[in-house]
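On the provided structure of chain A, position chain B as indicated by the hints.
Residues per chain are reported as follows:
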Amino acid sequence: MIKRLLLPLLFLSPLANADSGSRLIASGGINGFEGTAGGGITPWAFIGGYTSKEEVNYSANVQYLSLNDYSLTTAGAGISLFDRVEISVQRQRLDISAGLTSNVFALLTDGAVTNANSTTIEQDIVGAKVKLFGDGVFTQNSWAPQIALGAQYKKNRDFDSSLSLPDGTVPLPEVGVPLLLGAKNDSGTDIYLSATKLWLGTPSGYNLLTNLTARYTKANVFGLLGFGAEGNNNAEVEWEGSVAVLISPTTAIGTEFRTQTNRLGGLAEEDTVIDAFIAYFPNKSISITAAYVDLGNLPLQESTSGFYLTVNGNF
Amino acid sequence: MKLLKCIPIAVLALLNILLSGCASTEKQSLYDEIGGHKTLNTVYGVAITRIYTDPVIGHYFKGVPKKHLRDQLVLQTCELIGGPCEYDGKTMLESHKGLNIKEREFYILVEYVQGAMRDVGLTYQQENRILKKLAPIKYETVYL
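Chains as they are written, first to last, in numbering that gives the first Met the number 0: chain A, 0 to 314; chain B, 0 to 143.
Heads up, none of these hints are tricks.
Partial pick of chain A residues on the chain B-facing surface, computed with a CB cut under 7 angstroms:
| # | residue |
| --- | --- |
| 1 | Arg-22 |
| 2 | Lys-52 |
| 3 | Phe-137 |
| 4 | Gly-200 |
| 5 | Asn-206 |
Treat the hints as calculated values from the structure; they're not laboratory data. From the three backbone atoms N, C-alpha and C, an ideal C-beta is built for every residue, glycine too.
The following block holds chain A by itself, in its conformation from the complex (with noise of 0.2 angstroms):
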């Protein structure tokens, strides 16, 4: 599917300069684990790569997250365009260990069932934003930040798919996790509005990032869990943010915080999540992040948190 959404943008290089663009180094953030620029777990107004009102810019992303019993991969790919419009797909794949879904079977079964296969969930995000007006980093004579608006579509491939025990057996048809954890539906669209500005030489001469984003979503667990509840199947919106302090021209530290509105709650039940991260970028081409990220509870995991890596490469 990525394959088939960006061949048709190749096209679009010959229009303009195709390089990773001449913005000022570290402006263009990193692509966060949905694929869209901004932090590591939340959007940012400014479009992501380097480029100018003349210029298109291409990037591809790996990241990983490790949380225990569950692990997070992701890949993805984005095209920018002339500042204004930036376009993303990215594949996430969420491990769940043999443990877990044994633990599961075990509290379905009454402890009957106590053996299970590991699984997965994959789910597909296409985003785009599209920045409306104000310019967050050369506008240093007001507090205006750049607005944008952006949406995330999202698909879980594996709503229904069922969980199998290591004789092969299938308890469940057709009932993946996240059905099986209550929610609605496979499929949903995340709204978003980011407010993010630049502080030339604030604090004590650094540069300060300050982001807010406010999401208009029915996601559980980023979609991961599937969208909406039975019960309570009404978008809400969260809220995200981060601070971040370039402390040298290649290296950013921050924190970031994104709230989840517990739709489905019992196992599943969500909390806020936080991260503190520090990015490198060398060059233009290339940025590498590590991060701290506390999810809170996952089902069957109270209190889970992990490290973050991710490689965003322009061009």
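Same frame as chain A, but now just chain B:
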């Protein structure tokens, strides 16, 4: 992880220290701090040499005497960063009217000035504080 919940607080505390460090007792202007006219003159000397030979933006400066441009930029920056100068040349809007300068070209110039500040030995902090003052010029030069 309780430890991680403390990180936003720790980051804010760090910012606080950085900010209070900024409000030091003596009130020296940024202009004096970097070494005044001599430093700015060197910065723009280095930047202009590179700008004039750049394949993308060099052509805009054909026929503009280097010394004139250098003096104007020094004077203007001096005024913007608290020096004892008063820029009396053409406004940026006037001098860029009709040139239809592209955003990409403006960014290339910014990077030359940034690079010159670094090469001349200004600190990253001084560079950012100067850039903060120069940044709004973008809207007095691009696409006019």
